[in-house]
Every structure is written in structure tokens, then in C-alpha cells.
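> One letter stands for each residue in the lines below.
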Amino acid sequence: MSTNSNEPLLQITNLQIEGFSDERWHQIVKGVDVTLRRGEVLGLIGESGAGKSTIGIAAMGFAKPGCRIHGGSILFDGIELTTASEEQKRQLRGSRIAYVAQSAAASFNPAHTLIDQFSETVVEHGINSREHAYKDAKELYKKIRMPSPDDIGFRYPHQVSGGQLQRAMTAMALSCRPDLIIFDEPTTALDVTTQIEVLMTIRDIVEQFNTAAIYITHDLAVVAQMADHIKVLRYGETVEDADTRTMLSTPKEDYTKSLWAVRSFAKETAAPAPEAKPIMRVESVTASYSRSMSPVLIDVDFEIHRGHTTAVVGESGSGKSTTARVITGLLAPQKGAVYFDGDALPPSYRNRTKDQLRQTQMIYQMADTAVNPRHKIRDIVGRPLSFYLDMHGEEKEKRLRELMEMIEMDPDLFLDRLPSELSGGQKQRICIAKALAADPAFIICDEVTSALDQLVAEGILRLLDRLQQEFNLAYMFITHDLATVSAIADEVIVMLEGKIVEQGPKTEIFSPPHHEYTELLLSSVPEMDPDWMDRVIAEREEKGGMIAAGN
Amino acid sequence: MNDIVRMLIQRISLGLLTLFVVSLIIFFSVSLLPGDAAQAMLGQSATEDTVNALRKQMGLDQPLHTRYFSWLGGILQGDFGVSIGNKREISELIGGRFANTLFLALYAAFIAVPLALVLGILAALYRNTWYDRSVNVVTLSSISTPEFFVAYILMLFVSVKWGFFPSLANVTLDTPILERMYRTFLPALTLTLVVVAHMMRMTRAAIINLLASPYIEMAALKGMTRRRIITHHALPNAWAPIINVIVLNLAYLIVGVVVVEVVFVYPGLGQLLVDSVSRRDLPVVQACCLIFAATYILLNLIADILSILTNPRLLHPK
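These protein sequence lines are chains A and B, in that order. Under our numbering, think of the first position of the first sequence as 1, with each following residue one higher. Under our numbering, think of the first position of the second sequence as 552, with each following residue one higher.
Incorrect hints may have been included.
[What the hints assert, rightly or not] Facing chain A, according to a computed beta carbon distance under 10 Å, are these residues of chain B, among others:
1. Leu611
2. Pro614
3. Ala763
4. Tyr766
5. Ala770
6. Leu772
7. Lys773
8. Gly774
9. Arg779
10. His783
11. His784
12. Thr861
13. Asn862
14. Arg864
15. His867
[Said to hold, decoys possible] Residues on chain B that point at chain A, a partial pick, calculated with CB under 10 Å:
16. Ala588
17. Ile767
18. Glu768
19. Met769
20. Met775
21. Thr776
22. Asn788
23. Trp790
24. Pro792
25. Pro863
In case anyone wonders, no lab produced these hints; they're calculated from the structure. Cβ atoms here follow ideal geometry from the backbone N, Cα and C, with glycine treated the same way.
Using the sequences plus the hints, can you model the full thing?
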């Protein structure tokens, strides 16, 4: 290209972006500088609301609806994007600056095939013919090791898996061989085993084509693998800026250090010795969603004891949530049974008594959708009190306040608010209070921390741990995050394709020898070491064949 | 493909079931009316004996359910019975009339549907501009005005004052097609004005609704033009709601034309229905109602099927 390689490809200075909400403009990015040279990868890291994604797409001269770039300069290869015409920016997008979105499943148009969406950019920007683009797509698919690269492009987005879609989107970003690619949390929604495949693809591509990239994520271990430089953001401002190794070994700012220390939480007290009778026993359950379909759970058998946390891990589709559905009676098993405290539960929740229902409660991943947005906190938490325990009036009010104290939220301040007035972590706490209100013995936590920032998630884990100590609760903790598992679990169940492949005490599962799949799962969790991925790739290539297991 | 076939069979059987229920409702609610066909034919002055004799002859002395099944059986063989008014076969009476109604509906649809789609897409493309607002104001005012009023206004200006088109849409079976289109232009225009707003607003809403989805943002970030984003990325995913509203309006064009047909004295099924009601010609009323119901159900069935078929997830299963 025209510029010499010492000039920065992208130079953002004093970027200011505003967002419109509550009838006025708020500053969401407050003067951030970015310098990026060809072939460099910059990691943008921070919690939600830090302005990472907003800065990322601002590098394309784009502001999300309801936002505006209102100050500073964005200089891309000599073109000032803040003053460029819409048409000028449109011609850059896709052809010279490409974007890879967080959810490929939502960002591919469901009405067109993958390869058509790939070639669209090439054809519409007048770079090459459709035939040429098709050929190129197939070559790229091959290069990033997509299965059957000659045919997969002719499928529709819903016909391929999430990891494959994310890789197809990376390939699509490359269709015009751009100078810069913005990766916006490209692996956040993926399982660890799939994540490592996508990370490898991205890194290969960036190296092969000498593409500059901005890599946005909230996962430090991931950014450590990908970036040359890391910029830590908070509330739309730069906290710290350094090259990756320096940032990891000697972070300067307190906030950066606190981010680095997040994964330090670990359950302190050991679980009590298991009682003779398990509180929940799932006995050789086989289940499917319809008679004609193959079973999604095959001979699942485990027990959970009072005061213990059992983590259920596995990829999406491994049957973790289905197991929860069988336990709660939402899905009647075809074979096997569920026992609570030694007594068999009726297969369907419709036939269970109110007391049986009360004993098992659930906390969900999306606190947002689990609470009625038009109900006050008082009604949300109060409902189980009156429904299960027949509490009313003063007694109920007293209990409500106790519950709020338990979840460390001031009852005077929060009882009369609506869910929309709370933060994500506070909403999840309300869901915990709602579960506790029924006074259960057994709580199913379905990915309860996955949607939360790490600092907030840690607070939730601490709270759950404390409540377990106080009330001798049993938890079934469904998660795909192995860091969480090692922090809080007593027992671990590893699931794959509807079967339990391994189960036992945490220390046993986490120390070798592992089952082959557990090994793959454990070795796929990124570590805070910039050399981790190279090491894993080398190890796997030695063993051979392991990489393909992710498909 | 198996899923689709199964779904089609399911929809079609549901449609038939609905039609059966509707036929029950039509037959039994008409039978609740005081008096019967025999009385209506012979008039007030007839003696009880003559009326009874005619009842026997017409089978009206049979119990209600027997009459229902013989009525239904006849219809299944294309026999709707005999009109009381002029003793002619109802099927004969209805045939030409229904063709006229269909002609008018299709004529209006050929104007209204493309117009609504284009206006709707443009309104989505230039949303919140003066164009969008004025299209909304015009179409909404036309839908908010009763159709007979629209009809009389058009008649007054286009026909009486300026003399472009005739105010009476009197056609016969052998009127040539162009002459027919000329004569029925005003009723078709009236119907167009009535249905266009609904379809146009639904098209606009369906597209705007999709504009917030991540794949539309992705298309913008791929540097696609606004026009391409709307026609290539939003529209293919908006078909299901648009088809539904189009077909609903087509059904309205056929079933809801009663008033317009009467105003323009157009020999369609709607006018026949109104005449028969005033003459208490109950067999004809029943037949017209059933035909209207069948049309309505059939069109909605088509809408259902089309919106299933435009869903790529169903068309290209895993």
C-alpha cells in the first residue's frame, strides 16, 4: 500500500463518544488515544460499560444507533474518519477495515448462505467477481481447517455449529484482505474447546496476512495470547497501556492489579463429610425431547449431598441444562428416576406437591429475563414467601428484610425498586434471594456468573459460598467456566454428548490421570501466560489428532 | 422436507376443521331466525296447510341435523340448493357473481400490493423524513375514512365533476376486459385506498424492526449501501409478516367489498348477499356466507404456508 511501514495505520487521538439516554447525552468514551501499526495486534480490555466495543467500531468511523462521535480524531491510513463523507467511510468498511462480531450466530444473515455473505463484500466493493470470491472463500475455509471446505460455504448459518460460524466470520472479514480487523469478543460465546480453535485461526490469519487487529475482550487470559499491546479501559478512559508481557508481569495501576487478581477466589472451608442419604439422587436417567429424536441424556447417574457443591461441566449441547430440566420436572425422563432425600419425585412437575417444588429452586444465567421487569423487588422476592410458605403481612415483611440482608442489599433502599434500576450483579442477587425465599434444600445454579463481569461474578460466588455455609445448602452448579469450577466445587461431573464421562471429587478430577475428554477440556482453558497457546498447540500436535476433537 | 410436508398437512387439516365449524355456525344461526324458507316463499297470506305441504316437499320437516348433513352433502357435490326468490339454482346464481368479485379484488390487489410494498420499503429507507411522514399521513387518512365515503368522494370528483371514469360499475359477462377495467376503475381505486395503508405500514414496521438486528449492523459494517441493506438483508427476513398482512388484506378485498359493490352497483357476490338478506332468501345467504368463509380460510392458509416456506430454517433443515 501507499504508506511506509513506520507510519501508524490507525491513529486515534482524544476520541470522545457520547450516548443518548435518559433524554440527554452522556459521555461514554472520554478522550482515548490508540496507535496501531501494520501487523500489530492491540488488545482492548475492560469490564462491560468500559467502552471497548464503542471504541472498536469507532475505528471504522461508525457509531451505534443512539451514539455519536463528538470529538477527537480518527486517522486511518491518512483518511480522517471523523470528517469523511458517509460514502467514503462506506467504501472503507468491509474492504479495508473489517469487523468480526461477538455473536456470529446473530451477525450472519439467516436468509443467505455463508459463501454468499462472504463474496458479497468482494462483489459489492467492486474488487473481484463472484466466481473468484467463491474460489477464494473455499481456499480460506481450507486454510482455517473448516470441515469439508468446498461445501460448507453453501450452507445456511443455522446449519453449522457456533464455533464454525465464528471461524466463517473471521474468514468473511478477510474476504477483501483488509488492513485492519476489529475482533469484538469473538470467542466469548464459545466453549473453551471451540474457543482455542477460533483463537488459533485468528492468530494464523493475522500472522499470514500481516493484518493489523484490535482485539476486544474481557478475558485477560485470551488477550494475553492474542495481543502485542494491551490497553486497559474503565469508564471510557485509559487506565493503563503497555506491551503484553510487561502488562502481565508488572501491572502498575491498582485497577489493573484487581483485574489480574480476580481469579484468586477459592472456597475456603472444606465440605462436610457426606451424609449417608444424598439430598438429590439422579438414577440412570435417559431423556429426550421427543419420542422420535435420539436421547439427549443417556444413563445419567449421580448424587448430591447436603452442604456440597457439585459442578456440572461440558460444552453446550452436552446435556447439562437438560439434566436440570429433568430434576425440576420440566422434562419427564424416559427411563430412570429422581429422588429427593430418599423419596422418588414424580417425573413431571405437575404431579409434584408444593413442598417438593419448594425444596428445589433454580437461579438462571440471565437475571434480566428471570425477573418480571414490571414487578418491584418486594413482589419478586415476596412471591415465593406467600406462594410456598403462606406468609403475609408483617411476617412476610420481616422475612423480606432478612432475605435482603442475607444478599447484602439494603432493604430500605432496594425493596421498592424495579429490576431495571439495578445493575446486572444486583439483579442476580435478587434472583438468589428469590430462590432462598422458598427455603429450599437444593439449588440449581445454571451458568449464574457467565453474563457478569469477573469482579461482580466473584462477589456472587462469595455470596453463594457464604449462604451454603449458613444454611447447609446443596448446589448443582452448571457452568462451562472451569475457573469457576475450581473455585467453588466439591464434586465435579464432566458431561459429553448426554453422558457422564467422569465424576468424582474436584481434587481427583483436576489432577491427572484424566479421562481423555476432561484432559481436552482442562488443557483448553486459557492461562495468563502469553506462551500458553503455543505450548498447547505444540503438545497437541505431538499427540496428534486432539485438535480435531473440538469439531 | 419431511417437516414441511407434515406442517402443510397439519395446516390444511386445521383449515378444513375451521371451515367445518364455520359451516355449523352459519347453518344453525340462520336456522335460529324466525320463519323458514317455506313461509318466506308463500308469504303472509298462506294457510298453515299449504305451508306444511311445501315444508314437506322441501324437506324442511326433517330434524335440524339431518337437514344440515343433506345441505353439507349437497355443497360438497357443488349443489347449494335453490334460491327462494327466483327458484334458480344457487350455484348458477353465484358463479358469475363470484367471478366478478374475484376480478374486482384482484384488480385492486394488482394496484395495491406493489404500491404498498414500494411505499413501505421507501418509508423504511427514508424513515422519519418528510417523505415518510407524508406517506403515513395520506395512507392513514384514507384508511380512517369510511369506504363508502371515499367511494362517494371519488365519484363526485373523478366521475361527476371531471368525467374520467363512470360512476356505475355495471358489467356483464361479455364485457371485454379493457372495458371492464375502465368501468370498475373507481371501485378498485376505492378498495386500494382502503387497504394500502395497512400493508404499507406493516412492510415499513417489519423492515424497521429488523434494522436493529446484529446482521443488519454487520451488513453496514461490511460497507453495504442503505439500499442493499434494505432489499437484500432486511426484506428477505421480513417476508413472513408482510405476506400475512398482504393476504389478510386480499381476504378483505374479497369478503369486505359488500359496501363498495353496493355503492357502485357492481354485480358481485357482496351485492347478492345484501339483496338476499333483504329478500330473506336464506339459502342464498347461507351459500354466500360459506363461500366468503372458505375464501377467507383458504387465503389465510396460503399466508401460513408461504410464511413457512420463506423461513430458511425450515426450507433448509440441518
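> Could you run down the list of hints and mark each one as holding or not?
Outcome of the hint check:
no.: 1; hint: Leu611; verdict: violated (51 Å)
no.: 2; hint: Pro614; verdict: violated (43 Å)
no.: 3; hint: Ala763; verdict: holds (7 Å)
no.: 4; hint: Tyr766; verdict: holds (4 Å)
no.: 5; hint: Ala770; verdict: holds (7 Å)
no.: 6; hint: Leu772; verdict: holds (4 Å)
no.: 7; hint: Lys773; verdict: holds (4 Å)
no.: 8; hint: Gly774; verdict: holds (4 Å)
no.: 9; hint: Arg779; verdict: holds (7 Å)
no.: 10; hint: His783; verdict: holds (8 Å)
no.: 11; hint: His784; verdict: holds (5 Å)
no.: 12; hint: Thr861; verdict: holds (9 Å)
no.: 13; hint: Asn862; verdict: holds (9 Å)
no.: 14; hint: Arg864; verdict: holds (5 Å)
no.: 15; hint: His867; verdict: holds (5 Å)
no.: 16; hint: Ala588; verdict: violated (52 Å)
no.: 17; hint: Ile767; verdict: holds (8 Å)
no.: 18; hint: Glu768; verdict: holds (8 Å)
no.: 19; hint: Met769; verdict: holds (4 Å)
no.: 20; hint: Met775; verdict: holds (6 Å)
no.: 21; hint: Thr776; verdict: holds (7 Å)
no.: 22; hint: Asn788; verdict: holds (5 Å)
no.: 23; hint: Trp790; verdict: holds (9 Å)
no.: 24; hint: Pro792; verdict: violated (14 Å)
no.: 25; hint: Pro863; verdict: holds (5 Å)
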